[in-house]
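Using the sequences and the hints given, assemble the complete structure.
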Amino acid sequence: MIFLSIIFLLVIILEGSFISIPFALLFLLFLVLKNREPWVFVLAFFSGFLLDSLYLRSFGATSIFFLIFLFAVTLYEKKFEIENLSFVIIASFIGTFFYFSLFGNFFVIQKALFTSLIVLLPYKFLIKPRANMN
Amino acid sequence: MKVRENIGFIFFILLLLSVLIFFFSKTGFLKNQISIFNSFTAFFSKPSYNFFSRLTSFPENGQVKKLQEENLSLIKTIANQERLIAENKSLHDQFLQQNPKSLNLLSANVVGAPRFLPGITWPESFVIDVGEKDKVKVGNAVILRDNLIGKITETSDFLSQVILITNPSSRFAAKTIQGALGVVKGEGNQDMVLDNILLSDSLEKGNFVVTTGDLALDGSGIPSDLIVGKITSVDKNPSSLFQQGKLESLVNFSKISEVFVVVGLK
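So the sequence lines, in the order shown, correspond to chains A and B. Residue numbers for the first sequence follow this note's numbering, so the first one is 3 and each next one is one higher. Residue numbers for the second sequence follow this note's numbering, so the first one is 6 and each next one is one higher.
Honestly, the hints are just simulated from the structure, not real lab data. Nothing here was measured: the structure is a model prediction, and the numbers come from that model. It is possible that some hints are incorrect.
[What the hints assert, rightly or not] Derived, one-sided and incomplete: chain A residues facing chain B with beta-carbon distance under 10 Å:
#1 Ile15
#2 Gly18
#3 Lys36
#4 Trp41
#5 Phe43
#6 Ser55
#7 Phe61
#8 Gly62
#9 Ile66
#10 Phe73
#11 Tyr78
#12 Asn86
#13 Ser88
#14 Ile111
#15 Gln112
[Unchecked claim] Away from chain B, derived, C-beta distances all over 12 Å, residues of chain A:
#16 Val42
#17 Asp54
#18 Ala63
#19 Leu87
#20 Ile96
#21 Phe116
#22 Ser118
[Stated by the list, open to error] Here are the simulated distance ranges between beta carbons:
#23 B:Leu79 / A:Phe5: 27 to 33 Å
#24 A:Ile96 / B:Gly13: 54 to 60 Å
#25 B:Val239 / A:Ser103: 39 to 45 Å
All C-beta atoms in this analysis are idealised placements derived from N, C-alpha and C, irrespective of residue type, glycine included.
Right, dumping it as structure tokens:
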């Protein structure tokens, strides 16, 4: 848990200070896919404030987005199998697209496409082994 | 099922909290707390930016680096020289004009055009590098070779904001060379209209529009007979009270880099 928190903090600082890829959003997406538990939402709430501070946005804006996005993902669990590759790619594309659109980024579609492609790697190591076990 | 209910409950509580914090942040109620938090995060973000940028930059050959620096310095010298030539030409052209008298003009460089994205939007205001220290006042006209560009709306010690005549908030009196009086209104995106012209007045495509003059006692305001633009189309309806004409400026606002402020008439 401590290791996970440190990694997450590093991911937020990396996103907030250097790379405009929504690593925090992807990290939270994988967390909610693997652990559909309330603490993931608490983490989303606080990480949103950190990102708002690093990007000098209005406080609370990112938290609202993260919470709604994660809740929407958990709602889909009732209807679909969410631990498969196509869902992960589509969810990360839609999430990134709205995230970039809402927070005034340029080249939104290109960035969203790129982000939905880079999720393949963490999917292979984090989600797939569990899906195979089941 | 219990976990799902917990998730729903936690989600709504956290969402409510986030919305409240967002609202207070927007209204400036949490300004002090946020600035403390920001200074705390800035303490981490700066070294991490330096670290990651150093990590991704490749080691450079000393000779290549020296040549690159020399190249940059030479480019800067050439750019300065070209700027001086252009400035000299511009001053020469401007001071050859008869109206308004050259003694009352103050040369200024455009240093900003907020919300202007070349090829996507047109400039609607400029920030210029002269201010109150240079005796610029709110209301002073800004011109380029007898063409009215805009009006000073805000000043600081060293900078001023110019609202262009095409800006939707711009309004001033003008007339055609033939004498039809009206009001020029900016419509954004490089468009203007000459409105409120009596139906009995003659207004035709190709008519030139000039300012009627709106000077205050201290010399601030818009001098008369500055060129505003050319009528490109006329909208005349016999049942309306007034007629209006679409107006096009002779100046391409997206390519202006230097302007002149009329700081008063003698």
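What are the numbers of the hints the structure violates, in ascending order? Hints 3, 11, 12, 13, 14, 15, 16, 17, 18, 23 and 24 are the ones this structure does not satisfy, whereas the remaining hints hold.
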